[in-house]
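S.K.: Single-letter residue listing:
Protein chains: 2
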Amino acid sequence: MSYVKKPMAIENKSFEIITEELGEKVKKFTEDELKIVKRLIHTTADFEYADIVEISEDAIESGKKAIEEGSRIYCDTNMIVNGLSKKTMEKWGVGAYCLVSDDEVVIEAKERGLTRSIVGMEKAIKDEKTKIFLIGNAPTALFTLMEAVEKGYRPDLVVGVPVGFVGAEDSKERLRELNIPYIVTRGRKGGSTVAVATFHGILYDMYDRKGFLGE
Amino acid sequence: MSYVKKPMAIENKSFEIITEELGEKVKKFTEDELKIVKRLIHTTADFEYADIVEISEDAIESGKKAIEEGSRIYCDTNMIVNGLSKKTMEKWGVGAYCLVSDDEVVIEAKERGLTRSIVGMEKAIKDEKTKIFLIGNAPTALFTLMEAVEKGYRPDLVVGVPVGFVGAEDSKERLRELNIPYIVTRGRKGGSTVAVATFHGILYDMYDRKGFLGE
Chain C
24 MSYVKKPMAI ENKSFEIITE ELGEKVKKFT EDELKIVKRL IHTTADFEYA
74 DIVEISEDAI ESGKKAIEEG SRIYCDTNMI VNGLSKKTME KWGVGAYCLV
124 SDDEVVIEAK ERGLTRSIVG MEKAIKDEKT KIFLIGNAPT ALFTLMEAVE
174 KGYRPDLVVG VPVGFVGAED SKERLRELNI PYIVTRGRKG GSTVAVATFH
224 GILYDMYDRK GFLGE
Chain A
24 MSYVKKPMAI ENKSFEIITE ELGEKVKKFT EDELKIVKRL IHTTADFEYA
74 DIVEISEDAI ESGKKAIEEG SRIYCDTNMI VNGLSKKTME KWGVGAYCLV
124 SDDEVVIEAK ERGLTRSIVG MEKAIKDEKT KIFLIGNAPT ALFTLMEAVE
174 KGYRPDLVVG VPVGFVGAED SKERLRELNI PYIVTRGRKG GSTVAVATFH
224 GILYDMYDRK GFLGE
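So the protein lines, in turn, are chains C and A.
Sequential numbering of the first sequence, starting at 24, is according to my numbering.
Sequential numbering of the second sequence, starting at 24, is according to my numbering.
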């Protein structure tokens, strides 16, 4: 069988195809935004993401600043933690974590009859070094975070891309009304791979600009 | 804020909505197939999966048999391994693994100028206990597996759902021509979460039937 076997050739060709098929839509986005949009499509093969992604004006800059400061990143699934490029994050001393499988969280969630996502988020908000939140699964995690924001909490970046049929869309519409740096995918679509792709759209751009790639 | 906070209530309501919106399309599938289809939509919020998923006649039965025999599962990404329900798989002594970040694989891939996915798959095929393959990312992993099949190798189940723009579609069309148990998502769409959802569509059904849920 004949097929492309070189990893960089595959990635470059993919982004060429995405750019071509996006056509005029590329004009809707700034150069930095476009890096996120293309990575979303690369991860899902779903061009609808170009229509439903919304990036608040300060989101990319605020996210970059938090990375430079070595923020911890709270993720609402272990899949997101696993999908993030540790090697790239380490350049800035950035680490990611998730608490939904944490023993204390599991017990507390059962006792209170709540999702582990709610209880995990409550704990993450109390961690001072955690400034970036990647939410790809649980609207309840995002609602919990937003309740804290309404009481004065200020995260540096919220990637709010929970997928689903109960609460996901509502949670994202609510996030759009808050005056904090956010990236959302409007409607039902999103997920763990979408959360990873969104964050990598910012992180890899920083990495490229630093010239790390020649290492 | 008011929102649904009970985990089982959220899941049940989601599946009700999916069933309703699928409408007449549910008739295209058997009861077992429908469990996979609904889980795919639950994970992506993308109803197109009902049109692009294709399940070979023997795939679900063969997959169940391999689970009952405690097969090892090779996954082409660590995200898939991470997303699988270990607790459920343990009931049958089933374990999952991925080799793309394995030190030996990384070195060998670099030396041969190939993707780590190819080299990882070559090693997995040599493992006698590995009978199930979940491929959500790399067409090159799927092509490597199919080359082995053409030489007489017989896996019990291949979930071939690589996402992407270079090779993904071709690799899945090729899989459909092989006389082995497979599940594919035709076209470009797929991914790690899609691979997990497909397998869970089989696994969770076995779990429910065993009556483990009352534990």
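Don't take every hint at face value.
Below, simulated SDA-like cross-link-like pairs (lysine to any residue); rule was C-alpha separation at most 20 Å, straight line [stated by the list, open to error]:
| # | chain 1 | residue 1 | chain 2 | residue 2 |
| --- | --- | --- | --- | --- |
| 1 | A | Lys51 | A | Glu34 |
| 2 | A | Lys152 | A | Asp125 |
| 3 | C | Lys109 | A | Asp125 |
| 4 | C | Lys133 | A | Glu34 |
Here are the in silico distance ranges between beta carbons for each label pair [as the list claims (entries may be wrong)]:
| # | chain 1 | residue 1 | chain 2 | residue 2 | range |
| --- | --- | --- | --- | --- | --- |
| 5 | C | Gly118 | A | Lys110 | 19 to 27 Å |
| 6 | C | Glu151 | A | Lys110 | 29 to 37 Å |
| 7 | A | Ala32 | C | Glu91 | 37 to 45 Å |
| 8 | A | Glu200 | C | Ala32 | 45 to 53 Å |
| 9 | A | Arg135 | C | Thr42 | 27 to 35 Å |
| 10 | A | Asp74 | C | Lys51 | 37 to 45 Å |
| 11 | A | Glu173 | C | Gly93 | 46 to 54 Å |
If you're looking for bench data, these hints aren't it; they were derived computationally from the structure.
Idealized CB from N, CA, C, for every residue including glycine.
S.K.: Take the hints in turn and mark each one as holding or not.
M.R.: Hints and how they fare:
Restraint check for Lys51 (chain A) and Glu34 (chain A): not satisfied, since their Cα atoms lie roughly 23 Å apart, outside the 20 Å limit. For the suggested pair Lys152 (chain A) and Asp125 (chain A), the alpha carbons sit about 19 Å apart, so the restraint of at most 20 Å is met. Taking the CA atoms of Lys109 (chain C) and Asp125 (chain A), the gap is about 15 Å. The hint holds against a cut of 20 Å. Under the criterion of a C-alpha separation no larger than 20 Å, the hint pairing Lys133 (chain C) with Glu34 (chain A) is consistent with the structure, at around 16 Å.
Judged by the Cβ atoms, the range 19 to 27 Å given for Gly118 (chain C) and Lys110 (chain A) holds: they are separated by roughly 26 Å. The hinted window of 29 to 37 Å between Glu151 (chain C) and Lys110 (chain A) holds, with their beta carbons roughly 33 Å apart. Distance hint check: the CB atoms of Ala32 (chain A) and Glu91 (chain C) are about 41 Å apart, consistent with the given range 37 to 45 Å. Separation of Glu200 (chain A) from Ala32 (chain C) is about 26 Å and departs from the stated range, judged on CB atoms against 45 to 53 Å.
Our hint of 27 to 35 Å for Arg135 (chain A) and Thr42 (chain C) holds, since their Cβ atoms are close to 30 Å apart. For the hinted restraint 37 to 45 Å between Asp74 (chain A) and Lys51 (chain C), the CB-CB distance of approximately 28 Å leaves it violated. Taking 46 to 54 Å as the suggested C-beta distance range, the pair Glu173 (chain A) and Gly93 (chain C) conforms, at roughly 50 Å.
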